[in-house]
Structures are given as C-alpha cells and as structure tokens.
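Colleague: Sequence:
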Amino acid sequence: EGEEYSTCDIESIVNSPSQSEHDVTSSTLTPPTSPFEIVRGRPGRKPSAAGPLRPNRKKQPPKGTEEYVDKRVRNNLAVRKSRDKAKKKQQETEQRVHELSTENENLQKKLDLLTKELNVLKSLFINVGASLPTKFDEIMSR
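Start counting the sequence shown at 46; every next residue gets the next number (my numbering).
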C-alpha cells in the first residue's frame, strides 16, 4: 500500500526556490483541494491516527517448514471460528428481527382493534348522551 499525498503539497515543495522556505511544521503546506486527494491514512481518521509508515511485523517463516504449517493450521482454525461466530450472530440477529416484526404486527392489530372499540363507545355515548343521568361523571369516576 503506497502513500498518497496531495499533488498541491508535492508541487509546492518540488517547485520551490529553496527547501528552507518550506518547514514541515509551518502552515505553508496546502490541504487537499479535492475530496479524492487523500493525504495519508484511512478516511475519517485524523492524520495522527494514521499509524506508522511501516508496521513492525515479524517475518513469516519459510514455506514448507513445520513452523509455517503450524501457523497456517492455527490461522485456518481461527478464520473458521471467526466466520462461524459471525454467521451465528447474523442468524441470531435475523431471528430477533423476525420476532420483533411479528410482535409489531400483533401490537398494530391490537391497536387497531382498541381504536375501533373506542370509536364505537364514543359514538354510543354521543348518541345516548342526552339521556345520561346528571351525576354520570361522578358515577363513572368511582
């Protein structure tokens, strides 16, 4: 993976009359002018979080050695375990989505039924309202 630098940064340094005019800590370097020009690191990360230029990694053992084969076997097991875990989590998530969808449908049906019942009762009270006793509110509040 090569590093990408803003072309305006490189051109301003290369085409400058003297190197001393461009101190790296100064603000003479210009930011990328296009969202496609990436200075370094991963998108959405601060430049300080981009990490070292070359990671300090141990070298792989030579192919065909017992150590290499052992590492490959362990890695293959780890990969399989990781994929199985991800697959299980995906299945659990899908099951939970199904359960919540079913519950949501049932609650929506119950809400619709209660809304209809409320409307029927309201219309009954409106139609019979003239013949209600004068102390009806007091009776209902008991």
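Rather than coming from a laboratory, the hints here were simulated on the basis of the structure. Worth double-checking, as some hints may not be accurate.
What the hints assert, rightly or not - List time: in silico SDA-like cross-link candidates among lysine to any residue, alpha-carbon distance up to 25 Å: (1) K116 <-> Q135; (2) K155 <-> Q136; (3) K154 <-> N164; (4) K155 <-> L166; (5) K133 <-> E144; (6) K108 <-> K130; (7) K126 <-> L145; (8) K133 <-> K155; (9) K133 <-> H143; (10) K108 <-> R125; (11) K130 <-> N120; (12) K116 <-> P106.
As the list claims (entries may be wrong) - Label pairs and their calculated CB-CB ranges: (13) R117 <-> R141: 48 to 56 Å; (14) L169 <-> Q135: 31 to 39 Å; (15) R141 <-> V165: 35 to 43 Å; (16) T147 <-> F170: 47 to 55 Å; (17) V114 <-> N149: 48 to 56 Å.
Bear in mind that the values here come from a model prediction, so they are computed numbers and not experimental data. Every residue gets a Cβ at the ideal spot worked out from N, C-alpha and C, and that includes glycine.
Colleague: For the pair supplied as a hint, K126 and L145, confirm whether the alpha-carbon distance does not exceed 25 Å.
Modeller: Violated, at roughly 28 Å.
Colleague: Going straight from one Cα to the other, do K116 and P106 come out at no more than 25 Å?
Modeller: holds, 9 Å
Colleague: Does K155 sit within 25 Å of K133, going by the straight-line distance between their CA atoms?
Modeller: violated, 33 Å
Colleague: Does 47 to 55 Å hold as the CB distance between T147 and F170, or does it fail?
Modeller: violated, 35 Å
Colleague: Measure nothing beyond the straight line between the CA atoms of K108 and K130; if it is 25 Å or shorter, mark the hint as holding.
Modeller: violated, 29 Å
Colleague: For the pair supplied as a hint, K155 and Q136, confirm whether the alpha-carbon distance does not exceed 25 Å.
Modeller: The given pair, whose Cα atoms are some 29 Å apart, is violated under the 25 Å limit.
Colleague: How does the Cβ-Cβ distance of R141 and V165 compare with 35 to 43 Å: does it lie in that range?
Modeller: Hint holds: Cβ distance 36 Å, inside 35 to 43 Å.
Colleague: Check the hint pairing K133 with E144 against an upper bound of 25 Å on the C-alpha distance.
Modeller: holds, 16 Å
Colleague: Is it true that the CA of K130 sits at most 25 Å from the CA of N120?
Modeller: Holds: K130 and N120 sit about 15 Å apart, inside 25 Å.
Colleague: K116 and Q135 were given as a pair; does the straight-line alpha-carbon distance stay at or below 25 Å?
Modeller: violated, 28 Å
Colleague: Regarding the pair K133 and H143, is the alpha-carbon distance no greater than 25 Å?
Modeller: At roughly 15 Å apart (the allowed maximum being 25 Å), H143 and K133 satisfy the hint.
Colleague: Given the hinted pair K155 and L166, is their alpha-carbon gap at most 25 Å?
Modeller: holds, 16 Å
Checked against the numbered hints given earlier, this structure breaks hints 1, 2, 6, 7, 8, 13, 14, 16; the rest are met.
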